[in-house]
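Kindly produce the complete structure, drawing on both the sequences and the hints.
There are 2 protein chains.
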Amino acid sequence: PSKIHKYSIFAMENIVTEKKAEESHRQDSADLLIFILLLTLTILTIWLFKHRRFRFLHETGLAMIYGLLVGVVLRYGIHVPRDISNATLGCPVNASPATLLINVSGKFYEYTLKGEINANEVDNVQDNEMLRKVTFDPEVFFNILLPPIIFHAGYSLKRRHFFRNMGSILAYAFLGTVISCFVIGLLMYGCVMLMKQVGQLGGDFFFTDCLFFGAIVSATDPVTVLAIFNELQVDVDLYALLFGESVLNDAVALVLSSSIVAYQPQGDNSHTFEGTAMLKSFGIFLGVFSGSFALGVATGIVTALISFFTKLRDFQLLETALFFLMSWSTFLLAEACGFTGVVAVLFCGITQAHYTFNNLSPDSQDRTKQLFELLNFLAENFIFSYMGLTLFTFQNHVFNPMFIVGAFVAVFLGRAANIYPLSFLLNLGRRNKIRSNFQHMMMFAGLRGAMTFALSIRDTATYARQMMFSTTLLVVFFTVWICGGGTTQMLSCQRIRVGVDSDQDNSVSPERRSTKQESAWLFRIWYNFDHNYLKPILTHSGPPLTATLPPCCGPLARFLTSPQAYENECQLKDDDSDLILTDGDINLTYGDITVSTDASGAHTSGGAAFAGAATSDDLDRELTYGDHELVMRGTRLVLPMDDSEPPFTDLHHGMRM
Amino acid sequence: PSKIHKYSIFAMENIVTEKKAEESHRQDSADLLIFILLLTLTILTIWLFKHRRFRFLHETGLAMIYGLLVGVVLRYGIHVPRDISNATLGCPVNASPATLLINVSGKFYEYTLKGEINANEVDNVQDNEMLRKVTFDPEVFFNILLPPIIFHAGYSLKRRHFFRNMGSILAYAFLGTVISCFVIGLLMYGCVMLMKQVGQLGGDFFFTDCLFFGAIVSATDPVTVLAIFNELQVDVDLYALLFGESVLNDAVALVLSSSIVAYQPQGDNSHTFEGTAMLKSFGIFLGVFSGSFALGVATGIVTALISFFTKLRDFQLLETALFFLMSWSTFLLAEACGFTGVVAVLFCGITQAHYTFNNLSPDSQDRTKQLFELLNFLAENFIFSYMGLTLFTFQNHVFNPMFIVGAFVAVFLGRAANIYPLSFLLNLGRRNKIRSNFQHMMMFAGLRGAMTFALSIRDTATYARQMMFSTTLLVVFFTVWICGGGTTQMLSCQRIRVGVDSDQDNSVSPERRSTKQESAWLFRIWYNFDHNYLKPILTHSGPPLTATLPPCCGPLARFLTSPQAYENECQLKDDDSDLILTDGDINLTYGDITVSTDASGAHTSGGAAFAGAATSDDLDRELTYGDHELVMRGTRLVLPMDDSEPPFTDLHHGMRM
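Each protein sequence line maps, in turn, to chains R and B. With full-length UniProt numbering as the guide, the letters of the first sequence map in order to residues 1 to 657. With full-length UniProt numbering as the guide, the letters of the second sequence map in order to residues 1 to 657.
Certain hints may be false.
It does not matter which identical chain is meant; a pair holds if it fits inside one copy or across any two.
Think about it this way: if two alpha-carbon atoms lie no more than 30 Å apart in a straight line, the pair counts; the simulated DSS-like pairs of lysine-lysine are [to be verified]:
| id | residue 1 | residue 2 |
| --- | --- | --- |
| 1 | Lys20 | Lys133 |
| 2 | Lys280 | Lys19 |
| 3 | Lys280 | Lys20 |
| 4 | Lys369 | Lys311 |
| 5 | Lys19 | Lys311 |
| 6 | Lys133 | Lys19 |
| 7 | Lys433 | Lys133 |
No lab work stands behind these hints: they were computed from the structure.
Below, the structure written as structure tokens:
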């Protein structure tokens, strides 16, 4: 019976281990369930808000509030008995390998490294097991939640307005973010020095930390503001400027912060200024950014080519799956190569929208749009509710009043140093000036959101990082609730016109058009190259290459041109302007109940505030570029009305799909 | 400078840890990238196959082949230097806690328990780090990949044919799976005894192990066969029987296997027979199954009620998100309560399809269908390619020829003992007999797939489980490739009619109809209750409750009836039969290029082989149930033709959405 006895013990031990694993799995399920129910609650409440046309609280703000409430309950309401199953090994080890095998009386258990823990946190670790359980690994944000959000942003960039304002957007996103980062960094360094003087600083805080803080709070995320802009049909150029800037500066801030972390001077003192190290950091910034950019564009183009050369559009499921997988592989490829997946995914999204989208079947176009819309919605609200939760459940908060006040001032001044000087400089070059009320609105719309949060929670090991994290949380809360909630007031206070049809420019008078032609030379060069060469090679739309390439390239042009392209020449095809998530689409999805009462789901976006014909901008483009093909497209779409001044009638119901 | 020096070391150490984590993250990304690229390759190849009308290899079979190839390359093609970063702790520990804190010269590192490792595997662990890296935690299958597959199965059950054959399906799924489990278990026990005699057994193999093996290989997954059935429009009753059985027996096999694992006799010897323990196992089976069932149905009904009482349908994104979150929360809730999430999700899917689906806006109906279709596609192909990969990368294979031969024989006999006797018994009660060629086809279509694989890889700690896993892999490969590939041959060999319109019964002659009325009493009682009471309460379709409830319940009925229900009374509404993924839909998605050449994405399922009017079954229902309302619906749908015998014309193009 000794053998049997051994097995019995073996089995019993097995059961104990399994029970433990099962218990942990149950706990994980329950934790995740909390978030799912939070999101469900958010959805129901936001439906009620939309139903009642209540605009002061966006779903992200609401998700934060619910998260806060649950956080309070978890922190103060529930008392779990102290879990004493953790053990601290006392034996001398001199390495921290990734995998650990522990020999417990003849049986081997495998452990994986989760991370380093501050010596003064060791007690906490054992203390509040339950609160730690609802804490996610910060890398979850970068590997699971942010990619769909960022991809969706890229995929839904209103390309025409984006490309038209490209110069300004790039200036705000690159120069502006760097300016903001350094202004905030310097101000915070001053603040930290002051705190050291008065003895308010409980740990180290270096200049690189300040710069890092500047980088992470420079990523704006005006999702609340943009949702209201959409609903109220605010000026498209303002929308494009804000959206384009916020999309790109996330990428810039992300790469910038990792370059700052990578700043490592040679020698003993790692916190002195050193030219070489700074140059190296700058090189890292350039390398990582351009590498991620190239990778993202490359996979986008590969997807476009695959969908161009195969007839995958006959099988929508395969097509959608391929699109999804290729976009995901961009992220993985970038991460595997040491670039930044989130940045790669952004540019992949833009490329997919610009080229691949045109090759997809209409069904797949809807599917991919809706899929990423859903993923974006879920991920965004998840992050914001987690933000609310973490204010109470995070265990190493360092709230320092002086630092917090300093940070708020610095964030405000940093944003101002980004917007106003750059707008002034840009207005020197722009004929279509960025007016001062637009500048104030951009200043006001500098909300901080998902990216700032994810960057600040990524590393909370040191005192400085913990203080940054706590302060960042407050900045996010304040901007989302106060600035987000005050958007409508700010709009009316700044007398910014609402109810502008997204497809109609507020500058269609002839002289304006010609001035725009002058100023947008960068855009025009790009547009011509893209329209004449890239579009025909990568998509089924656009003119045939035989028409755009010089005659000497005849055979090559014929090989690369799809039969469809010839048909396009004399066929109406809604080309590159409004296919991607137009405002109308978003409006339909989010629109007020009174606006889109068509319960059958037909795409009519009637009513509210479309103050112009859908086609006026097509005319604009037609006149601007004198493109024969566009003329033909335009005329087909035009309603029988005077086209010199779009009449403010409601003749255009159901025109925009 | 000593302080500075300390910081410098601190920073350096930090960097080393970060480098390690970064390296590991890169590796993870690269591993996942392998699978994504595999899936991409599968999609492209399967497109080529469909394009060329090549039917012998289904995408899942193809995914396995690609997985195999990559497995071979990883195993034999790539040599990585041995990773020596693992360390075995030699100090005496007497516990294996879930979290471990290790003090390495003053710094604390946190480790989490990954699992126990067999003493003889300890060397392997250190050996082949790279192969282990591409190995997923088996729980990934149960927590991430299986739920969407199973939910999609439930959500796309063709409900009318499913409910009509409910008795038979339940018999096959419950009785059949239990019979199959015990037959295979007994046969394998005989085989194992024989192996012990001839000294072929290298470890322990108990009767419970045999039963466990019987349970896991009793889960059939004829996805390949069903895809071909769809394409060729095979008889709907055969389709319903096979699909219904395969969907339900996954659930039965899953709960059955966990009940067998839970079999724990008191006393020393854990492998003797004991009545109480067996009864307890049986109780666990009943409890877990009915608990999961109740939970799944409950969340489904809650979702239906939410969508019934709110006007969420005006905001499709919110609606789709709510639907997704509620379905996911079913899984989490079941897991948190100790039930089986996958089973709960199955019944949630069926309930959602039956009730909630009717409350969704048309747009959300499409969105949810397409979303879960995509998730199902990705998860399924991922599992199958992982299966191929794991044949070479799994490191503890035990291939025992005798056991393998025994298993193949047992699997064959077990399936036979399920199908033939049960069909004989069912035919005693059924008037619409399950003919012998249908029985042979069901026998042949007993493929093993995702569920069998997931169950067998879940625990590979002991020798017996390792042998089971290796054998199961071979069973899956054989059945998917040979049986799956031979489906068309088998169909023609058994002379089973293809090209039957899914909406047309092959038994519409009047006498058949009346006999069916007799046999389907269970269905009829359920249908009447469901149609008169549940549907009106939970959905906007169905007759108003005021018409179906007795007059005394008047006020309650008026309160619960939606205004829409009154309109329904005299309005054409495609009710409960064909809304969910009809064959036509799947055909549209997967159909041959020559069949659905409508590139505009319109839902026309023209061409191929629809041998009857779409409405004949509506007539069938109308005559069978004499429901006034149905008559009104039916007449609206009927084409102007003689309704005693549906004419085999092709008048019905575009009739079915």
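Structure-based check of all given hints:
no.: 1; hint: Lys20 - Lys133; in the structure: both (15 Å within a copy, 24 Å between copies)
no.: 2; hint: Lys280 - Lys19; in the structure: between (51 Å within a copy, 18 Å between copies)
no.: 3; hint: Lys280 - Lys20; in the structure: between (48 Å within a copy, 21 Å between copies)
no.: 4; hint: Lys369 - Lys311; in the structure: both (20 Å within a copy, 23 Å between copies)
no.: 5; hint: Lys19 - Lys311; in the structure: neither (52 Å within a copy, 44 Å between copies)
no.: 6; hint: Lys133 - Lys19; in the structure: both (18 Å within a copy, 26 Å between copies)
no.: 7; hint: Lys433 - Lys133; in the structure: neither (52 Å within a copy, 56 Å between copies)
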